[in-house]
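Dock the two chains into a complex; use the hints.
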Amino acid sequence: MLHIKCPHCGMRSQNEFSYGGDASVKRPELNKEVSDLEWDNFVYNRKSLRGKHWELWQHLSGCRQWIKVERDTATHEIFKTLKADQEIS
Amino acid sequence: MQKYSIFNLVKNAFSNHENWDLAWKDPTPKTEYDVVIIGGGGHGLATAYYLAKEHNITNVAIIEKGWIGGGNVGRNTTIIRSNYMHDDNALFSEFGMNLWRRMSQDLNYNVMFSPRGIINLAHSDAQMNVYARRGNSMRLNGIDAVLLNREQVKEIIPMADFSENVRFPIFGGLMQPSAGTARHDAVAWGYARQADSMGVDIIQNCEVTGFDVSGGKIKGVRTSRGEIKTKKIGLCVAGSTNILAEKLNMRLPIETHLLQACVSEPVKPILDRVVTFGAGHFYISQSDKGEMVMGGDLDGYNSYAQRGNLPTLQHVLTEGIAMMPFLSKLKMLRTWGGIMDMSMDGSPIIDKTHIEGLYLNCGWCYGGFKATPASGWTFAHTIAQDRVHELNAGYNLNRFSTGHLLDEKGLGTKTWIS
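Taken in sequence, the protein lines are chains A and G.
End of the first sequence = 89 in our numbering, gap-free, step of one.
End of the second sequence = 507 in our numbering, gap-free, step of one.
Hints are computed from structural coordinates only; laboratory data are not their basis.
Fair warning: this is a prediction, and the values are worked out from it, not measured in the lab.
Honestly, I wouldn't trust all of these hints.
Here are the simulated lysine-lysine pairs, DSSO-like style, with alpha carbons at most 30 Å apart [as the list claims (entries may be wrong)]:
{"no.": "1", "chain 1": "G", "residue 1": "K321", "chain 2": "G", "residue 2": "K119"}
{"no.": "2", "chain 1": "G", "residue 1": "K503", "chain 2": "A", "residue 2": "K52"}
{"no.": "3", "chain 1": "G", "residue 1": "K320", "chain 2": "G", "residue 2": "K142"}
{"no.": "4", "chain 1": "G", "residue 1": "K336", "chain 2": "A", "residue 2": "K52"}
{"no.": "5", "chain 1": "G", "residue 1": "K503", "chain 2": "A", "residue 2": "K5"}
{"no.": "6", "chain 1": "A", "residue 1": "K80", "chain 2": "G", "residue 2": "K119"}
{"no.": "7", "chain 1": "G", "residue 1": "K142", "chain 2": "G", "residue 2": "K306"}
{"no.": "8", "chain 1": "G", "residue 1": "K503", "chain 2": "A", "residue 2": "K47"}
{"no.": "9", "chain 1": "A", "residue 1": "K26", "chain 2": "G", "residue 2": "K336"}
{"no.": "10", "chain 1": "G", "residue 1": "K154", "chain 2": "A", "residue 2": "K52"}
Partner residues aside, some chain G positions facing chain A, computed with beta carbon under 8 Å [said to hold, decoys possible]:
{"no.": "11", "residue": "P204"}
{"no.": "12", "residue": "G206"}
{"no.": "13", "residue": "L337"}
{"no.": "14", "residue": "L341"}
{"no.": "15", "residue": "T345"}
{"no.": "16", "residue": "G369"}
{"no.": "17", "residue": "H370"}
{"no.": "18", "residue": "S392"}
All residues carry an ideal CB built from backbone N, CA and C; glycine is no exception.
Extracted from the complex, chain G is given alone in its bound form (with noise of 0.2 Å):
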């Protein structure tokens, strides 16, 4: 593999670009693996590359329906912060936020991965003794933050609506400096790239028909491309989990819902931070062509459209506008959609299952960009060691029955009430 670095540049310069290496091959499937990931995405293409660079496994086939990076990892809107009041969250994520760090180095990938902070605003007294207490979890774990007043807040984010007269008014928030966001395709392409170099087949255009499943141990995986043989599967297809789930006989505790983003046309830089409403859902932050990526709620019922409606997105853009007036003089440039899937406490699954060799990841709710690298990196502990590592001990498929919810939010079983 040819190394990207500014002499390459220099050099390929004089061939006017046109001898660079493929990036990743596109390799017709063996008959054998040792190990099948299914779901090409961010969380797929990081765990064959950690199963490759952390535990030598390099015999791997990642299976994509579609093509790499075309579902969540190329439809989120890139958030990366580890602001998690429960344990099993906050050491997870700031495990992942450490990964974020070195992401570019590790992958010889720009991730363009930017700590710009992220601010969680509030709208009244007892909302900064919530995060007063969520910022005393963070900083217990490690984790960096801080609790800012109205003063401070208005000195960070002057164009959010500081007026008097207003129906939320900002009464101050928690932010969590080292918080960012990262390019989201190139964190598919990095993965995707390094996993190629090291002997993982990225097999795209290939759709799972069926498994099979013998003695309650997994014997290979039938697809649109053959059947291939493997005794570990591990499962990383997010709102398509539930589809995969029925061929397998299986019943999760995931609904799959539909989460709408939206960008405005580009405008000069007006905003360096990533801000979230307190009072209702809409996050927001500019992206370095100048567009102002927002998002907010889910459409609120079951649906697989990848394609949203109209209320949800006046619902979130009214919301955006009652904090920065500003946004109500733009254009809407793009919206889209993401089909996610729903956990019922509102937390991630990475376990093994009923079935030996079948590993699930799958949960991630609006969570799953910035879960990328640890996602990846525990995932494929899971699958090389056959347990549990203790950062995903937490997010184990039995707590569901065992009473052990993850509740970080506290949304209980409707996943549409956020």
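Pulled out of the complex, with its shape left as it was, chain A reads as follows (with noise of 0.2 Å):
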């Protein structure tokens, strides 16, 4: 079982988090002229990494907060956490 440190409430099982996906996908500037490709990069189109990958997990049955993570894909192991609106470094 994965054991998640949540940059709020500290470490914490894996059952009170739900995933969301890559963290580093950025939506594409608001009003701004997108073409079809970078929209679809955004939407569809995911790397997928074998590795470290930065991920978006929500502390679903906790505080609720959407927090990033950065876990190997391969291993399991986890590296870092940050809060959601911090930059991944």
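Below, the structure written as structure tokens:
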């Protein structure tokens, strides 16, 4: 079982969290002219990395905050967690 | 190639079965092939077989990083069905059902196809309506479907929970009597043996390290066992699709996720159908060895681990026990995981790409095994003719840009919600 360190609540079990996908995906700027490819890349296309992967999780059965987690998709090791508004370093 | 028959079995018995031909060879890669298939799983092996059989293209190599049949074709729950509502899925799958029905004869290999029927249980009036609609769509496409009421379901699977005060009472179900199961390893081995006999090189322990692309055209593939020249490459690598796409600077509407399955200790025959729980995601059948074969949800986060975690297994088996309480008495024998190429609309992709000579076969989500013959057949056609067949026209890559999603289950972009 994964143990995820919520930046607000501390170390908790995976059971309290729900997954939200790739955290590196950025929505194209509002009201900007967007090409089809840019929009596809935002909505559908994913790198789905093998190895270190920044992703969104929600502490659904805890503080209900969205957080960012850096996790290895091959070993499930978790390296780092951030609050949702903190930039990935 | 020696034919597998009762006569050859008897003949070889006199030499203690020590003189059988190898089922497939272990060739050294040649410097050039007409077509290179990457991925020696069910779909890759089937593609090579149909390239040789239907299109007379035999100068073909299958490149496999590990060993053939070691990925998802050896890790699934062996269910075969075509109970889809949308035309694109229904016609494709039903075409596959016809290939399944004669596969053992075609391949001269017993794949133990067992058309025992699948029942999707319904737990509300609304769900019965949805199933009636799906069943009608299936019948319009020539697929057998029977809507069962509670009493009829009880007659077929009396061991399910039909008591009154349960959270998810069984209202009825939708049955496809011709659906069933097959021996998954035999499918891989059968295709491998026939493809090999027609001249296909099956090259195992050979990892792809890069591609030679120039002027927008495929020129070759670089592997751990040397460079191979080719003008056509078929990519059939399921959960590893994104890893190879990255080497081609492609981004695909695919995420790789982990799916677990498990079997119980073997018990005497009790369940002679495939049954799915309608109020969650759980499916069960009984293998010929007597094990209860079970599966359900994805673990729910991107993963290449081929190894799952307990919370999902617990969740899935809770659903199983709600559906068939006797399961709680069984001991678990084995659990395992495979990595799924989850597409963003839950439907697969079999298509050409923007690179000339590169063909894509991915996005099989939970349903790759049953699609093996139809996927191989249509992918072989797409590669050989350099155009898609009408059966896989709906499985195009650009549907995500144009908005023509094939959303059988309406999962949208959140592949992990199911």
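Comparing the hints with the structure gives:
no. : hint                : in the structure
1   : K321(G) <-> K119(G) : 15 Å, holds
2   : K503(G) <-> K52(A)  : 20 Å, holds
3   : K320(G) <-> K142(G) : 20 Å, holds
4   : K336(G) <-> K52(A)  : 17 Å, holds
5   : K503(G) <-> K5(A)   : 24 Å, holds
6   : K80(A) <-> K119(G)  : 46 Å, violated
7   : K142(G) <-> K306(G) : 26 Å, holds
8   : K503(G) <-> K47(A)  : 15 Å, holds
9   : K26(A) <-> K336(G)  : 23 Å, holds
10  : K154(G) <-> K52(A)  : 22 Å, holds
11  : P204                : 36 Å, violated
12  : G206                : 35 Å, violated
13  : L337                : 13 Å, violated
14  : L341                : 6 Å, holds
15  : T345                : 5 Å, holds
16  : G369                : 16 Å, violated
17  : H370                : 16 Å, violated
18  : S392                : 5 Å, holds
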